[in-house]
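Visitor: One letter stands for each residue in the lines below.
Protein chains: 2
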Amino acid sequence: MTEIELMGKKAKSAAVVLATARNMKNTALNAIADILIDNTDEILSENAIDLAGAKAADISDAFIDRLTLTRNSIAAMAEGVRKVATLDDPIEKVISGATLPNGLEIKKVRVPLGVIGIIYESRPNVTADAAALCLKAGNAIILRGGKESVRSNKCIANLMRKAVKSVGLPEDSIQFISDTSRESATELMRLKALDVLIPRGGAGLINSVVENARVPIIQTGVGNCHIYVDKTCDMEMAVDIVNNAKTSKPSVCNALETLLVHKDIAPVFLPKLKERLDRKNVEIRGCDITRAILGDSVVPATEEDWSTEFLDYILAVRVVPSFNVALEHIATYSSGHSEAIITDSYENAKKFTLNVDSAAVYVNASTRFTDGGEFGLGAEVGISTQKLHARGPMGINDLTSTKFIIYGTGQVR
Amino acid sequence: MTEIELMGKKAKSAAVVLATARNMKNTALNAIADILIDNTDEILSENAIDLAGAKAADISDAFIDRLTLTRNSIAAMAEGVRKVATLDDPIEKVISGATLPNGLEIKKVRVPLGVIGIIYESRPNVTADAAALCLKAGNAIILRGGKESVRSNKCIANLMRKAVKSVGLPEDSIQFISDTSRESATELMRLKALDVLIPRGGAGLINSVVENARVPIIQTGVGNCHIYVDKTCDMEMAVDIVNNAKTSKPSVCNALETLLVHKDIAPVFLPKLKERLDRKNVEIRGCDITRAILGDSVVPATEEDWSTEFLDYILAVRVVPSFNVALEHIATYSSGHSEAIITDSYENAKKFTLNVDSAAVYVNASTRFTDGGEFGLGAEVGISTQKLHARGPMGINDLTSTKFIIYGTGQVR
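If you read the protein sequences in the order shown, they are chains U and X.
Its first residue numbered 1, the first sequence is counted upward by one per residue in my numbering.
Its first residue numbered 1, the second sequence is counted upward by one per residue in my numbering.
Source of the hints: derived by calculation from the structure; they are not laboratory data.
Because identical chains cannot be distinguished in the list, a pair is counted as satisfied if it fits within a single copy or across any two copies.
Within a straight-line C-alpha distance of at most 20 Å, the following computed EDC-like cross-link-like pairs (lysine to aspartate or glutamate) qualify: (1) K10 with E328; (2) K108 with D371; (3) K12 with E328; (4) K192 with E304; (5) K9 with E328.
Using the sequences and the accompanying hints, generate a full structural model.
Guide: This is how it looks when you write it as structure tokens:
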């Protein structure tokens, strides 16, 4: 048995205990929050070593930013864990039930998924966020983070294990894979003990998981998001929303990547928009008509740009001859995350929400709202871009399964 | 673009129409029922050719039985399709909703999964059953059946396509892959256009799909089901239930495979049970204690027997020293389908339903009830043995996904 197989076995045993741990899960979560606060200095010093390594490896500022922990971010992490403790416990809730004509009493109840694997990149806060939510839903968790944040992650995971153990739950409820080799990732993707594997990271990671996993997975987070600015709309509102969706936090999955503009409004709208985006130095990559309107300073958009999640101050812009062409463009290039229409047409608003096949479809609002917290789910473990099991921001219910329990008095069929 | 890729593309286009087809889906289903009845002779003559081929290939009686269509079974198939038409349409139902503090109106609505692949073995009735349920839930479907039933399947699929077209929906809502090579199966398992692939068949097929699929799948149907006969129980009831679960239809996934008996009751219970099972010539493969009680005519059970889904008149029997050992045995060997306890102990009944981690857990009833029809789901597309998305008998809601629709008035974040 390899080390990771052994972790799977231990996780399965821990999951049996967690499935009926009820209130003790909250006790454990509060103990986790306490231990993170009490050991802030240790976490920061491990994080400093990770940061030194990353800086020496000449890694991008955005990456360093995601990797960096502070006294405040650790406090926020602990607060997040406490908030998870206050969520309603979904486990053992009866979802439906009936007494059948033959007298069988049947009920469908919510149960934990069992063992959840999380494979993630450089954000150490995922370690605590994901573990807390999985634990609250009664699941054991096996974490594997990126190599740049391994010391921070391991430190946080070990503290959490101590906390869980201190309240009398199995420490193996939370396990962390320190081996950051490609082999350990592949092994986790094929670990039969996993009831689900959730990758959290960029398109490269997601694709690798889709290709290599032999366990059920939930694809998350790749967001090639679109906004369509319709022929009739409040142009100020459109500028505000596009600016917000593109520039408020370009590195996240719900940020805008491609803007589609109806040809009738484009000549007036695009110059207004450009003026606003110029303040943030957004690079526009435009179709021919966009360039005819905005001038040659606009980079020509390539076919590849329409499919690209820039995650940066770059916006692809296409002027479309009709609403239907906008729908077709979205159907062709969208990753199914979040799309918005800015319109004053009731008919088009209705058609857009009905026809656009994405996890979140907006009328007259920024795509940036696609988030578990914003949607009122309490906390999220990622944003699913697949249609199976969960779609859009995943809350605690999405970390559960169900089972049928049937009480009889000797019935046979 | 290969032929199967082209099917995927056509299915995606059809799915867009089906997503908002509403009542027309019922019109199509009734047209399908009509066309199946009207063309019974043609279906039977194609089925006769399949049967002749299978008989020449010296295939088992059970297999021939599954492959055989009759005037009655075609009528039942058509009736099943009509029944699906009467089910509530799950699509566009609002599951939850709220107006957020910032004024965003958010609702979560049920939408089709999109494109569903079904890969199945020799039962031609799956062609109509699966297509009807997928269509009702607004999904396009790509079917690939086994080579032994290819003429029957193709005939049924082509009739259904005609019917769907006749009411004005896209005929590519239902597509059938006539190529029964291993390559066509593998290609379907990797077809990006699929939102989900559902295999229906034996363990070999399921394992091949788990290994080869690169699209989301739902594992179905492998049932290594257990019954535990507790120390205190109604022994007559226990004999009835075990006999029913093993012998009423041994070839199906909810049939009993391994019986666990508490040591205190075994010496009296096992001889009574054997007497009943002998009437159906059930082969018992027993542990040492079972053989000590029932005699050497009982075949010794091997380690492999505990993991085997016999699907035949064979029963593995183990005498256990305690309730907890029974729970451990089930945790080790069960495929997570259906398990039952026969007991008069309230405490053990409660503990069994809480601790056994299977899709359906019974007290004092036969495992044979695990079925969409029996559970009141109207119709089923298989029985999921995984925990993601759906677990146990899958009804029409399990063929859907959700999306968030958000109405704003210019909100930015």
